[in-house]
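Novice: The lines below spell out each chain.
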Amino acid sequence: DTGVSQDPRHKITKRGQNVTFRCDPISEHNRLYWYRQTLGQGPEFLTYFQNEAQLEKSRLLSDRFSAERPKGSFSTLEIQRTEQGDSAMYLCASSFDPAKNIQYFGAGTRLSVL
Amino acid sequence: QKEVEQNSGPLSVPEGAIASLNCTYSDRGSQSFFWYRQYSGKSPELIMFIYSNGDKEDGRFTAQLNKASQYVSLLIRDSQPSDSATYLCAVNHQGGKLIFGQGTELSVKP
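Line by line, the protein sequences give chains A and B.
If you count by the numbering used here, then the first sequence holds residues 2 to 115, one letter each, in order.
If you count by the numbering used here, then the second sequence holds residues 263 to 372, one letter each, in order.
It should be emphasised that the hints constitute simulated quantities derived from the structure, not laboratory data.
Misleading hints may appear alongside valid ones.
Pairs of lysine to aspartate or glutamate, EDC-like flavour, derived with a Cα cap of 20 Å [to be verified]: (1) B:304 - A:8; (2) A:101 - B:317; (3) A:101 - B:345; (4) B:304 - A:25; (5) A:101 - B:307; (6) A:72 - A:25; (7) B:264 - A:45; (8) A:58 - B:265; (9) A:101 - B:289; (10) B:304 - A:87; (11) A:101 - B:320.
Only a predicted model underlies this, so the values are computations on that prediction, with no experimental measurement involved.
Looking at chain A on its own, in the form it has when it is part of the complex (with noise of 0.2 Å):
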């Protein structure tokens, strides 16, 4: 499978819980984008690395969130003291040209905080 990457499917976690999501983009993909989506909604973007450089980052990514993404190929997604509001689909895209930005999506982690 040469498609974006995304583990673990499903995780179930407990309030005040650190978790932590892996992208694994596809392959020679450059940039790597993490969005959040909930129920009824377009997916929001939270940041977004080319190679190993964190370009942006959106105002939904509080200091409780953090993502790296060490040699520019896989990322990880890190939420800290999760809260019951965090519950939702995170999803990761990777894309190789950014004059034409094609991204494509991984299957998503599913995160419900209890």
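Fit chain B to the supplied structure of chain A, relying on the hints for placement.
Specialist: Same frame as chain A, now just chain B:
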């Protein structure tokens, strides 16, 4: 005003009909436009992209862009029950993030 607006629907069409999905955007500097299909519980799947004014056709799908009116649409010809999904319009400004509308739910009735 939302940056990207779509009618949430649901839009219901009979099998074999043309489904017309519409999207407006607020940022005149937007440069590229995308339509994604999302089945319930699944992630968005890219179905069309368009950069220039006019029409772009791919099989049963036609994307239409009018930058002067800040309007982009998706036509689905010969609609099938398998086309029933939420269709997301997304707009890109300067090569980075996509801004999505809330999506239009399409239901194709046999």
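Novice: Next step is simple, just say for each hint if it's right about the structure.
Specialist: Do the hints match the structure? See the list:
no.: 1; hint: B:304 - A:8; result: holds, 15 Å
no.: 2; hint: A:101 - B:317; result: holds, 17 Å
no.: 3; hint: A:101 - B:345; result: violated, 26 Å
no.: 4; hint: B:304 - A:25; result: holds, 18 Å
no.: 5; hint: A:101 - B:307; result: holds, 17 Å
no.: 6; hint: A:72 - A:25; result: holds, 12 Å
no.: 7; hint: B:264 - A:45; result: holds, 13 Å
no.: 8; hint: A:58 - B:265; result: holds, 18 Å
no.: 9; hint: A:101 - B:289; result: holds, 17 Å
no.: 10; hint: B:304 - A:87; result: holds, 19 Å
no.: 11; hint: A:101 - B:320; result: holds, 18 Å
Checked against the numbered hints given earlier, this structure breaks only hint 3.
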